[in-house]
Amino acid sequence: MDSFLHMGGYAFYVWTSYALALVVLSLNWILPRRALHKRWHALLRREQSSTGKAA
Amino acid sequence: MFNLLHRLSSPPSFFAFAGRALPWLLGGALLLIAAGCYQGLVVAPADYQQGDSYRIMFVHVPSAWMSLFIYMVMAAAGAIALVWRIKLAEVIASASAPIGASFTFLTLVTGALWGKPMWGAWWVWDARLTSELILLFLYLGYMGLESAIPDKRSAARATAILALVGSVNIPIIHFSVEWWNTLHQGATVTKLGAPSIHPSMLLPLLLMAVGFKLFYFANLLVRARCQMLEREQRSHWVSTLIKEAA
Amino acid sequence: MLIANAIVTRDLTLALRRRSRVLQPLIFTLICVSLFPLALGAEVNLMKRIAPGVFWVIALLSTQLTLENLFQSDYEDGSLEQWLLAPYSLPLLIATKVLAHWLISALPLILMAPLIGVLLGMSAPIIYALMLTLLLGTPVLSLVGAIGAALTVTQRRGGVLLSLLVLPLYIPVLIFATTALEQAAAGLSYAPHLYLLGALATLALTLAPFAAAAALRIALE
Numbered sequence: 001m002d003s004f005l006h007m008g009g010y011a012f013y014v015w016t017s018y019a020l021a022l023v024v025l026s027l028n029w030i031l032p033r034r035a036l037h038k039r040w041h042a043l044l045r046r047e048q049s050s051t052g053k054a055a
Numbered sequence: 001m002f003n004l005l006h007r008l009s010s011p012p013s014f015f016a017f018a019g020r021a022l023p024w025l026l027g028g029a030l031l032l033i034a035a036g037c038y039q040g041l042v043v044a045p046a047d048y049q050q051g052d053s054y055r056i057m058f059v060h061v062p063s064a065w066m067s068l069f070i071y072m073v074m075a076a077a078g079a080i081a082l083v084w085r086i087k088l089a090e091v092i093a094s095a096s097a098p099i100g101a102s103f104t105f106l107t108l109v110t111g112a113l114w115g116k117p118m119w120g121a122w123w124v125w126d127a128r129l130t131s132e133l134i135l136l137f138l139y140l141g142y143m144g145l146e147s148a149i150p151d152k153r154s155a156a157r158a159t160a161i162l163a164l165v166g167s168v169n170i171p172i173i174h175f176s177v178e179w180w181n182t183l184h185q186g187a188t189v190t191k192l193g194a195p196s197i198h199p200s201m202l203l204p205l206l207l208m209a210v211g212f213k214l215f216y217f218a219n220l221l222v223r224a225r226c227q228m229l230e231r232e233q234r235s236h237w238v239s240t241l242i243k244e245a246a
Numbered sequence: 001m002l003i004a005n006a007i008v009t010r011d012l013t014l015a016l017r018r019r020s021r022v023l024q025p026l027i028f029t030l031i032c033v034s035l036f037p038l039a040l041g042a043e044v045n046l047m048k049r050i051a052p053g054v055f056w057v058i059a060l061l062s063t064q065l066t067l068e069n070l071f072q073s074d075y076e077d078g079s080l081e082q083w084l085l086a087p088y089s090l091p092l093l094i095a096t097k098v099l100a101h102w103l104i105s106a107l108p109l110i111l112m113a114p115l116i117g118v119l120l121g122m123s124a125p126i127i128y129a130l131m132l133t134l135l136l137g138t139p140v141l142s143l144v145g146a147i148g149a150a151l152t153v154t155q156r157r158g159g160v161l162l163s164l165l166v167l168p169l170y171i172p173v174l175i176f177a178t179t180a181l182e183q184a185a186a187g188l189s190y191a192p193h194l195y196l197l198g199a200l201a202t203l204a205l206t207l208a209p210f211a212a213a214a215a216l217r218i219a220l221e
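Keeping their order, the protein sequence lines are chains L, D and A.
Mind the numbering: the first sequence is residues 1 to 55 in the numbering used here, read in order.
Mind the numbering: the second sequence is residues 1 to 246 in the numbering used here, read in order.
Mind the numbering: the third sequence is residues 1 to 221 in the numbering used here, read in order.
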């Protein structure tokens, strides 16, 4: 296990690369997901307030 | 076939289709990337020249492929948007740009992280890294132009032209940079040329490449759904959808 | 052809009337060039090595500075919209417009190249090579720049965005031109580089007017 983490002395470079890949991919996933969620709920609220007025 | 495509390209059916396809794409992407990481980090043996540092390749090379692939998608979608004025194509082009830019960024950073132990410097003006940097500039220009034009539809058409001009230019840029590099640096950097690839190294590379591609499609669908909702918020299908949900 | 003639004559007349517009890029080039020896030290061998690159980078920047004006005034006074309605082919109109721009901004630069070459310590054959590369390379800069100028014509302060769009596309020209000059400095043949620049110019001449026309139509929609 230790030698696996050690990566033959290149631990810093290898693990930083993979960690950065993880960060970039998850940001790419989370931010648009959040934006979609927000927009959906904004539209929902608009709908509810307009029907509320009509009723 | 054409009929199916035609129906799919209408915003409401795309929105529904994207919602259904998303979990499969994301699941597949995560599975493949996980398998690729396992194969690449654990199973594949260390390279006899580069030791374990070559494992960065399994992130670096697939994201470099993605950075080019996504630009081509943008150019193709842009051409379709220009000729047939299909909204879906406009949305796909514009939603692809940030993903492509982030893959380009990832390529550059992992290139630097790989370069430091191999070349002894974070940045070397190697032909491939330099082309990748220029590609990042092209992405940034695309996004800059897009954000400068307030009307979404004309922004989509203007950026489509830019993407097409860029895609004509990319091969020329690549060729000129290679030429410049051979003149200036000679053979010092050939070390990073793919080390005659052993099958145990090819497998993780392919797993990661396909995984990244699926991730791109999944991510594209989320972004495209979001843009569709924004652009079409006053349309009939969005309000029915919202009414059903409310 | 009559209309082309008219556009070029009109633009040249306008430029001659507002001479500062023509002179300012030249003065900009001159000032920038003289900054380099001041910053790096005027050692002769160093100057010889960096002069072609320095000159070409500054040529890119000064072309890019003048690009903003390419369609701007025509857009503001409404003549651009008349163009779209006019019974002439828009790409042809744009090509003439670019020709006028090249005559006003690039040709003076080429004519001034010997002076700047002398300032940077270039020898006569290098200056000759420099002028050849400029002659073949600057049309590409103007043509590709026209696409960027057309895309950003409605932007109030489009200058920075324009450079973001256009400068990456200039890189091949920069590389071919400066490597040609390096070959020339080493006493080798630089004909292949000139052919490549010529190929780029031909490609730009055939494609860029159409791309710029499409961009203008979109911008003015």
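Hints were generated in silico from the structure; no laboratory data involved.
Heads up, the beta-carbon is just placed ideally off N, CA and C, and yes, glycines get one too.
Do not take every clue at face value.
[What the hints assert, rightly or not] Residues of chain D placed beyond 12 Å of chain L at every Cβ, according to the derived structure:
| no. | residue |
| --- | --- |
| 1 | L4 |
| 2 | L5 |
| 3 | C37 |
| 4 | D52 |
| 5 | I99 |
| 6 | T110 |
| 7 | V124 |
| 8 | A127 |
| 9 | M143 |
| 10 | I172 |
| 11 | L183 |
| 12 | L203 |
| 13 | R223 |
| 14 | L241 |
[Stated by the list, open to error] The following residues of chain D were derived to be distant from chain A, with all beta-carbon distances above 12 Å:
| no. | residue |
| --- | --- |
| 15 | P11 |
| 16 | L88 |
| 17 | R153 |
[To be verified] Which stretches of chain L does chain D cover? Using the computed rule of at least three CB atoms under 8 Å from a CB of chain D, they are:
| no. | stretch |
| --- | --- |
| 18 | 3-13 |
| 19 | 18-24 |
| 20 | 31-40 |
> Which numbered hints does this structure break?
Replying inline: 3, 4, 5, 6, 13, 14 and 17
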